[in-house]
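Undergrad: Heads up: the protein sequence lines correspond to chains A, B, C and D, in order. Counting from 671, one number per residue, gives the positions in the first sequence under our numbering. Counting from 671, one number per residue, gives the positions in the second sequence under our numbering. Counting from 671, one number per residue, gives the positions in the third sequence under our numbering. Counting from 671, one number per residue, gives the positions in the fourth sequence under our numbering.
It is possible that part of the hints are untrue.
Unchecked claim - Each computed PhoX-like pair below joins lysine-lysine, with the alpha-carbon atoms no more than 20 angstroms apart:
no.: 1; chain 1: B; residue 1: Lys776; chain 2: B; residue 2: Lys746
no.: 2; chain 1: B; residue 1: Lys761; chain 2: C; residue 2: Lys776
no.: 3; chain 1: D; residue 1: Lys761; chain 2: A; residue 2: Lys776
no.: 4; chain 1: A; residue 1: Lys746; chain 2: B; residue 2: Lys761
no.: 5; chain 1: C; residue 1: Lys761; chain 2: B; residue 2: Lys776
no.: 6; chain 1: A; residue 1: Lys761; chain 2: D; residue 2: Lys776
no.: 7; chain 1: D; residue 1: Lys776; chain 2: D; residue 2: Lys746
no.: 8; chain 1: C; residue 1: Lys746; chain 2: D; residue 2: Lys761
no.: 9; chain 1: C; residue 1: Lys746; chain 2: C; residue 2: Lys776
no.: 10; chain 1: A; residue 1: Lys761; chain 2: B; residue 2: Lys746
no.: 11; chain 1: D; residue 1: Lys746; chain 2: C; residue 2: Lys761
Just so you know, the hints here were simulated from the structure itself, not pulled from any lab data.
Protein chains: 4
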Amino acid sequence: MQAVMNIEDLNAFLVQAFPQVADDFTIEEITASGIRVRLVVADRHLRPGGTVSGPSMFALADVSAYLAILARIGPKALTVTTNCSIDFMRKPEAGRDLLCDFRLLKLGRVLAVGDCVLMSDGSDRAVARASLTYSIPPE
Amino acid sequence: MQAVMNIEDLNAFLVQAFPQVADDFTIEEITASGIRVRLVVADRHLRPGGTVSGPSMFALADVSAYLAILARIGPKALTVTTNCSIDFMRKPEAGRDLLCDFRLLKLGRVLAVGDCVLMSDGSDRAVARASLTYSIPPE
Amino acid sequence: MQAVMNIEDLNAFLVQAFPQVADDFTIEEITASGIRVRLVVADRHLRPGGTVSGPSMFALADVSAYLAILARIGPKALTVTTNCSIDFMRKPEAGRDLLCDFRLLKLGRVLAVGDCVLMSDGSDRAVARASLTYSIPPE
Amino acid sequence: MQAVMNIEDLNAFLVQAFPQVADDFTIEEITASGIRVRLVVADRHLRPGGTVSGPSMFALADVSAYLAILARIGPKALTVTTNCSIDFMRKPEAGRDLLCDFRLLKLGRVLAVGDCVLMSDGSDRAVARASLTYSIPPE
Chain A
671 MQAVMNIEDL NAFLVQAFPQ VADDFTIEEI TASGIRVRLV VADRHLRPGG TVSGPSMFAL
731 ADVSAYLAIL ARIGPKALTV TTNCSIDFMR KPEAGRDLLC DFRLLKLGRV LAVGDCVLMS
791 DGSDRAVARA SLTYSIPPE
Chain B
671 MQAVMNIEDL NAFLVQAFPQ VADDFTIEEI TASGIRVRLV VADRHLRPGG TVSGPSMFAL
731 ADVSAYLAIL ARIGPKALTV TTNCSIDFMR KPEAGRDLLC DFRLLKLGRV LAVGDCVLMS
791 DGSDRAVARA SLTYSIPPE
Chain C
671 MQAVMNIEDL NAFLVQAFPQ VADDFTIEEI TASGIRVRLV VADRHLRPGG TVSGPSMFAL
731 ADVSAYLAIL ARIGPKALTV TTNCSIDFMR KPEAGRDLLC DFRLLKLGRV LAVGDCVLMS
791 DGSDRAVARA SLTYSIPPE
Chain D
671 MQAVMNIEDL NAFLVQAFPQ VADDFTIEEI TASGIRVRLV VADRHLRPGG TVSGPSMFAL
731 ADVSAYLAIL ARIGPKALTV TTNCSIDFMR KPEAGRDLLC DFRLLKLGRV LAVGDCVLMS
791 DGSDRAVARA SLTYSIPPE
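Next up, chain A with everything else stripped away, as it sits in the complex (with noise of 0.2 angstroms):
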C-alpha cells in the first residue's frame, strides 16, 4: 500500500476532476495507512446553529476515503464509491475545521474499504465515524 502519489499530485488532481469542491478539502499528510484531509469550514457546509451538515461530514469522508485509495493505485478517476455506513456522534463544534483520519483496511483489485474518524480541529473527541467501500474499475 505504498503510495504513488504525493500531496501535490492529489491536490492537482482534485482541481482538475472536481474543481466544485476542491476549494472544500486540503489534503494535510498521506499517513502510513491512509490519509489525513481536513475540511475548510465554510458557511456552505452550515446548519442552522453553527455546526457542520451531515452531507458536509459524508462528503469530507468520501473524499478521504477517494484520496487515500487513489494516492495508492494512481488516477482513476472511475474508482467509485458503492457502501458507506456513518455514525454522527456529538456535533461539531462552532467555527472549527473538520478534520478525518481515514486508514484503508483492504486494498484489493476490484474492492478497497476502510474506515475514518471526524474530529473538530484541536478537539480530540470523534464528532463522527464511517466506513466505506469502494469499487475499482478494471483496468
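Since chain A is already given, all that's left is putting chains B, C and D on it; use the hints.
TA: Just chains B, C and D now, with coordinates in the frame of chain A:
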C-alpha cells in the same frame, strides 16, 4: 404513524429551518408508511459527467427521513441523524431529478428507523438505497 | 433477474454446501424480486428471555441474500458477503419462527445488493431490517 | 470511560446471562478505549472450507461491543444492539482463533457507539471490521 403535518406544513418548516437547502427539495407525497421527496437537480448537485454526486444523494435520503418523521411527530427540529448506511448501485440518469421513496419501519419514543430507495425520475431502477436512524429528543 | 434454480434446487444446494445450518432454514417462496426464507426457530437461536439472538437474525438475512442471488446466477458457492448493515428494531415474539422478505435491488457482474425485512411469523411489524452486498466470483 | 467491571466480573456476568455462548469467548484485555475479545474457534463456528462463518464473526463483534459497554456502565443486561454495519474483507486463516479489538467512540446516556477490527490470531491483517450502536435502557 398518522401524519400530523401535511405537505404545506412540512414545506413551511423546511423553508424556515433550512432556508439554504429548501429549494433543493420538493415533497411529492406523504404516503401511508413514509414520504416521497424529489431532489430538484441543479448544477450544484452534479459530479463531472453530469451524474448526481454522492453527497447530494445522501442529503436527499437524509432530508426524506427527517421529513417522514416530523410529519408524524411534529416540528421537532432537534431530531438528528445518528446513523446512515447507503449503497450506491447505478449512475443516476443525466438531466433527471431524483425521487426518494422513504418508508418508516419504526417510530419509537427515542429512535426512529426507516429505509429508502432512490430512482431517477421516469425510471424504476434503484440508483441507491439507504437506511437511517434518527434520535428524537425527549420532551 | 429470472430465477434459474427453483426451491428444490436451492434446498439441495443448501444441504450439500451448508449441512450444519440447512435444517435452520426453509425456503418459502422465490418471489419476483427476491426470496422469502423462514428461520425455524429452535433453542440454539434464542437469547435468555426467549427472543431470537442477533447472530441468528444476521444469519437469516445473510442466507436469504445468498439464496436470492444463487437462484438467479446458479450454484456459485464462492459468492461471499462483503457488507451487511442491520438494524434491530423490536423484540421478536417468543415461540415464533422468523420470516425474511429479501429483495434484490442490483445483480451486477461483480456485486449484488439487496435488502430485507424480518418479521415474526403471523405479525406484520418489522423486527429487523438489513441490507447486504455480495461479491460474485469471476467465471 | 473508566471501567467499573474487571475481566473476572465480565466473565462471571457472561456465564450467568449467556450460558449458551460464554464458552465461545475469552476476554483478553480491557483496554484504555475498549476491549479485546477472543473467539475460541470450534467446529460449530466454521463454514465448509474451514473458515469462520459470517454469523460467528458478527457474534464476536457484537459480544465485544456489549462487554466494552458493560465494563463501563455495569451489568445492565438489557442494553441491546440497535445497528451493526460489518465489512468482510479477507478469509480468516484456517485453524486460528479470531481476535477482536473494539474501541468505544461514544458512551452517551442513551446510545453507545464503537467499532472494531477482527484479525486471525498471529496475523495483523484485518479479516473484518464492524461498527455497532447499542441502546442503553433508562435507569
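Undergrad: Does each hint hold? Answer for all of them.
TA: Against the structure, the hints:
| no. | hint | verdict |
| --- | --- | --- |
| 1 | Lys776(B) x Lys746(B) | holds, 17 angstroms |
| 2 | Lys761(B) x Lys776(C) | holds, 12 angstroms |
| 3 | Lys761(D) x Lys776(A) | holds, 12 angstroms |
| 4 | Lys746(A) x Lys761(B) | holds, 17 angstroms |
| 5 | Lys761(C) x Lys776(B) | holds, 12 angstroms |
| 6 | Lys761(A) x Lys776(D) | holds, 12 angstroms |
| 7 | Lys776(D) x Lys746(D) | holds, 17 angstroms |
| 8 | Lys746(C) x Lys761(D) | holds, 17 angstroms |
| 9 | Lys746(C) x Lys776(C) | holds, 17 angstroms |
| 10 | Lys761(A) x Lys746(B) | holds, 17 angstroms |
| 11 | Lys746(D) x Lys761(C) | holds, 17 angstroms |
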